[in-house]
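Colleague: So you can see what is in the structure, the chains are spelled out below.
4 protein chains.
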Amino acid sequence: MLYFMNDYSEGAHEKVLNALAKTNMEQHVGYGVDDITYEAAQLIKNRINKPDSDVHFLVTGTQTNAIAIAHFLRPYEAVIATDLGHISVHETGAIEATGHKIIEMESKDGLLTTEMIDAAVSKHADEHWVLPKLVYLSNATETGTIYTKSMLEDIRKTCDKYGLYLYLDGARLANALTCKDNDMTIEDIADITDAFSIGGTKNGILFGEALVITNSQLKGNMRFSIKQRGALLAKGRLLGVQFKALFEDDLYFEIAKHTNEMATILKNGILELGYELVTNPSTNLIFTVLPNSVHRKLSKLCYYEAEHPFDENNMEARFVTSWATPKEDVLELLRLLKELNE
Amino acid sequence: MLYFMNDYSEGAHEKVLNALAKTNMEQHVGYGVDDITYEAAQLIKNRINKPDSDVHFLVTGTQTNAIAIAHFLRPYEAVIATDLGHISVHETGAIEATGHKIIEMESKDGLLTTEMIDAAVSKHADEHWVLPKLVYLSNATETGTIYTKSMLEDIRKTCDKYGLYLYLDGARLANALTCKDNDMTIEDIADITDAFSIGGTKNGILFGEALVITNSQLKGNMRFSIKQRGALLAKGRLLGVQFKALFEDDLYFEIAKHTNEMATILKNGILELGYELVTNPSTNLIFTVLPNSVHRKLSKLCYYEAEHPFDENNMEARFVTSWATPKEDVLELLRLLKELNE
Amino acid sequence: MLYFMNDYSEGAHEKVLNALAKTNMEQHVGYGVDDITYEAAQLIKNRINKPDSDVHFLVTGTQTNAIAIAHFLRPYEAVIATDLGHISVHETGAIEATGHKIIEMESKDGLLTTEMIDAAVSKHADEHWVLPKLVYLSNATETGTIYTKSMLEDIRKTCDKYGLYLYLDGARLANALTCKDNDMTIEDIADITDAFSIGGTKNGILFGEALVITNSQLKGNMRFSIKQRGALLAKGRLLGVQFKALFEDDLYFEIAKHTNEMATILKNGILELGYELVTNPSTNLIFTVLPNSVHRKLSKLCYYEAEHPFDENNMEARFVTSWATPKEDVLELLRLLKELNE
Amino acid sequence: MLYFMNDYSEGAHEKVLNALAKTNMEQHVGYGVDDITYEAAQLIKNRINKPDSDVHFLVTGTQTNAIAIAHFLRPYEAVIATDLGHISVHETGAIEATGHKIIEMESKDGLLTTEMIDAAVSKHADEHWVLPKLVYLSNATETGTIYTKSMLEDIRKTCDKYGLYLYLDGARLANALTCKDNDMTIEDIADITDAFSIGGTKNGILFGEALVITNSQLKGNMRFSIKQRGALLAKGRLLGVQFKALFEDDLYFEIAKHTNEMATILKNGILELGYELVTNPSTNLIFTVLPNSVHRKLSKLCYYEAEHPFDENNMEARFVTSWATPKEDVLELLRLLKELNE
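Chains as they are written, first to last, in the numbering used here: chain Z, 1 to 342; chain S, 1 to 342; chain U, 1 to 342; chain B, 1 to 342.
Hints are all accurate, no fakes.
Straight line, CA to CA, 25 Å or less: simulated SDA-like cross-link-like pairs of lysine to any residue:
| no. | chain 1 | residue 1 | chain 2 | residue 2 |
| --- | --- | --- | --- | --- |
| 1 | B | 15 | U | 26 |
| 2 | S | 15 | Z | 25 |
| 3 | Z | 123 | U | 105 |
| 4 | S | 15 | Z | 18 |
| 5 | S | 297 | S | 277 |
| 6 | B | 327 | U | 27 |
| 7 | Z | 22 | S | 15 |
| 8 | B | 300 | U | 29 |
| 9 | B | 22 | U | 303 |
| 10 | U | 300 | B | 24 |
| 11 | S | 300 | Z | 34 |
| 12 | B | 123 | S | 287 |
| 13 | U | 123 | S | 33 |
| 14 | U | 338 | U | 289 |
| 15 | B | 133 | S | 106 |
| 16 | B | 219 | Z | 122 |
| 17 | B | 123 | S | 296 |
| 18 | S | 123 | B | 292 |
| 19 | B | 108 | S | 115 |
| 20 | B | 297 | U | 34 |
| 21 | Z | 161 | B | 223 |
| 22 | S | 297 | Z | 29 |
| 23 | Z | 123 | U | 289 |
| 24 | Z | 123 | U | 310 |
| 25 | S | 257 | S | 182 |
Derived from the structure by calculation, the hints contain no laboratory data.
Extracted from the complex, chain Z is given alone in its bound form (with noise of 0.2 Å):
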């Protein structure tokens, strides 16, 4: 079978896996106050160009959007996000959780534009509605779809407007700062953002995220935050020893590369073919609408997707690729599709 399910279907990059076997029987004090933690910081630190920030390395993105959120604003303050965004539909309401409401803005590329915060601000007048204060963004988004340098500075300019906090979700922004689209550098999601993600978790690593908080007044005592919601992990130095072997040669953008190239190989094979894509995506999330007749046949021969019914005749399914994705399974799927639709 082939595998275009998710870009979490593997384990760890071998050189990721190599440097855990390596340091497995190091000792080291627990709960993230390590050396080695402590080295995978300072790199990150290094290549963002920003030596004041702080960075948490935390397990799961969700565990990381649901605690940087709600260590960041009081218990009135509320979240504009976009209606497809990560935290708006599947995180099972987790920042609902910890008590603060989303402001869902309609989108249709996932995208938030200025007008949304525009419109999410100017609707909250008073103390009998929640008080806007942070925008959260995903780069990429959930379709695929990416962020433009000049777009980011837009929101920032609008959230300094408002006063509103400025939040990345990172969880794919490798993806994102490595496609053939994209105009920006992790340094530019540095000086625009208050604070962002790292994913690792769909880039290359066993699990991880690291949370990246520039803004002064947002870092205190968020290990306090960290360990209240059980996410200290007591072998703290596996995060710093996954994140040292991801930013010690820019492996982290290296592996990104590949999963982006092997999505394009994979998007203009499927338009050569003649099929249709319901998302014009930058990274390696591809949308496309299968005849039902193809769905039936290759579902049997390739893991993927089947997202509904895109009309009575044809599926929308997803394929994505990983940073494991070998050009051989991209070069087989297109050849599936070609022949299953003769």
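Place chains S, U and B on chain Z using the hints.
Modeller: Leaving out everything else, chains S, U and B in the frame of chain Z:
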């Protein structure tokens, strides 16, 4: 440097690490609904002789306690625990953060008695008080003591008298069940409690706790709570692989036997040398009294926790053995304790 | 100045005030377990023909909604409501503050349809989403519209299909049940819903909402939730006295009839004068379009809410009648609307 | 029947009731931004000599404590209080329900000492513990004792040493400040604390507590918290009217003086009759020891609280005087206590 700091200083037992390496490039569906995780859960259900129980794999102990307790209770219901319980003092108020009060009963040795439960319940008269609804035990306790079977059965009876759930935090369950003073099996634990955890982090795996729910009233929709709290690992099979390794040949208990043996050698040696113990532990946490002069010298040769001054002239120190502690290190520590005290 | 700002501008109906004065120096036990409160609850149980229902008296509407919903739901369960629902927009995120997401369905007139419930449920597939569990309606709605009996029965069927609770916010229930378009009795409301509130604050008493629970699965330990949320009034009998006055001779409905009659006169008069209505309300909230010139002059002679610009030349204005609105004031307002528009 | 059950058995002082009646048909804007509420707040600011303080009017004491504390603290911050504090035992875990742990220090007389604060802070070492951030006092305490000025000043110094906020629950502040043993003014309270409440419910009004915030760091956006917790009364002016009546001619203190005088007569009479007091109260809560034979007879003639058996032969009973207690009733109670014991 010798290392008796804690039982989570190293990575994973080699069998566990090998299992992770061997399955690394396998492709599995995410979020713990893969085959390996299923097999691991089955192994545990068989081992505890409860085919109808639910087994969930989580990442950290604090997470496991908070998710289980918040899932089991209604907003106004409270937990009864000792004032030394892990949830009372070492989890940054994680339980209260989910809205539930802990009724903390004073205890010298970390063990909760039926008298304490009686006292807690009788004090809470009506709706002006929280409603006690769950008893929290840890076995082994935070001071290294353990419950006997008759103690646990009496607590069960008391719980039944008042309609209380009985939850057992098994972060160090393996140590409890393999020590000399123990008279219980893991089947007993499963029979007597409503839910309990099987700690992996402190017993040879990289990370992970298994949450076992035997009371069918408490099972429903637990995966929602796990996801909402950010504890549903994308690569859930990592937990499955590790727990499968632990429970395939009773490695779980074999590992802990070693830990306890090392602790017994250390404890007896310490007593022979004329040092005083603060508690009388059955497992691997040894609290002892070091003259300040010994402490000053030893702390340059060995890592351990200096808890707090015992009195003017002495320090209370905690030595912890682990699955990875070599016998040579224990003997070397005893040698130093002898030499430095002369 | 005329006053059409809202229906809670004055104190209490004289019968209510007299009852408070008459009982003022009586000595009663605290916290709502006194005889008068008991009698008031009995009056309501009789009136709705549900002797086994539970009736609790609370202080504010936001409090009532938040306490009821948080009491009924498990942490991962969510509410389905319209995006105009009071809990969605005018309660400062009180529901989310208890940890529960509101799934907001777009509505033009404030009414929730079975199609919206179907859509909300079908979107929420698994444990990565919150679990829809309770449908929230307000009757009358926030735009002055009402549900018919067949609408409510259809919603009940849809709730049963999905295992959802049906909760009705009756902050303006009296207005709904006494208006011309209504075809339901308060017995119907009690028959069809699982729980509902009977609003007093906007219908002639100083403050107070009665929460009625008919579904016995939802009743248990509600007084714990009420006390925990700070809603258990020390002098609980104040609520008993007021609701007893309201339900002794159906004063509750008599008051609302007047309110609605005043609204009907106003609405018809406005239409006759050629003004446009924004919605077609059945009860006492009349949203109309005022030319800016009229608004500028009228706002110096009458209090009302200028919602927001309707377009460049017009303002959307809200006029509200109450139990205390004299007919002369309605006629005088109509006179002004005529005069100022000439 | 005589009535010494509590100090909230009657309605309101006649001046308060008259003020409510007199303003009943006035039309005011809702939610406490009306002129009367403004005047009441000004009266309090003048009386405490803090023109820059913020004054909010709330409905119940539990509500006031929970809203204030949750507004002041970050999620991982905790409260230090005695184990007899109202928030510790009589508010159904309202503080924990907002996510915050109460560090309960054992106290015999309900008074918190600087030693207790020192002990609580020194125990909470790092991010594995909650972070103590707010000291909660009640004055008068739940046992009728009071703080002297030097006690309160010492606590303030201790708070400053550790960066703790000082919050004083004044549910019975009037009783504390008008009793014989008191050496403080309400200006002192305002000078020394960061925030405190002025209880109305137990001192002559129907319901209501004023929350005073003097520390400007704690003031921001409090109305959002009040609304979110369902505590923003639609007819907010009801609180304004009542507190205006209380503070127009120092009625607040005059009322309490009477309460205390009645308590003093009762206390001295009880001692003269040879009964034992359980505590040595300065205010209006008198805990005394009644032989069972006396209790059996007295309880048919007088309402009071039988706390719990004092020993085999005696009952601990609580007598409470109020603003409405007539001197005749006190004398009659003393007569009965004499007669029944003969």
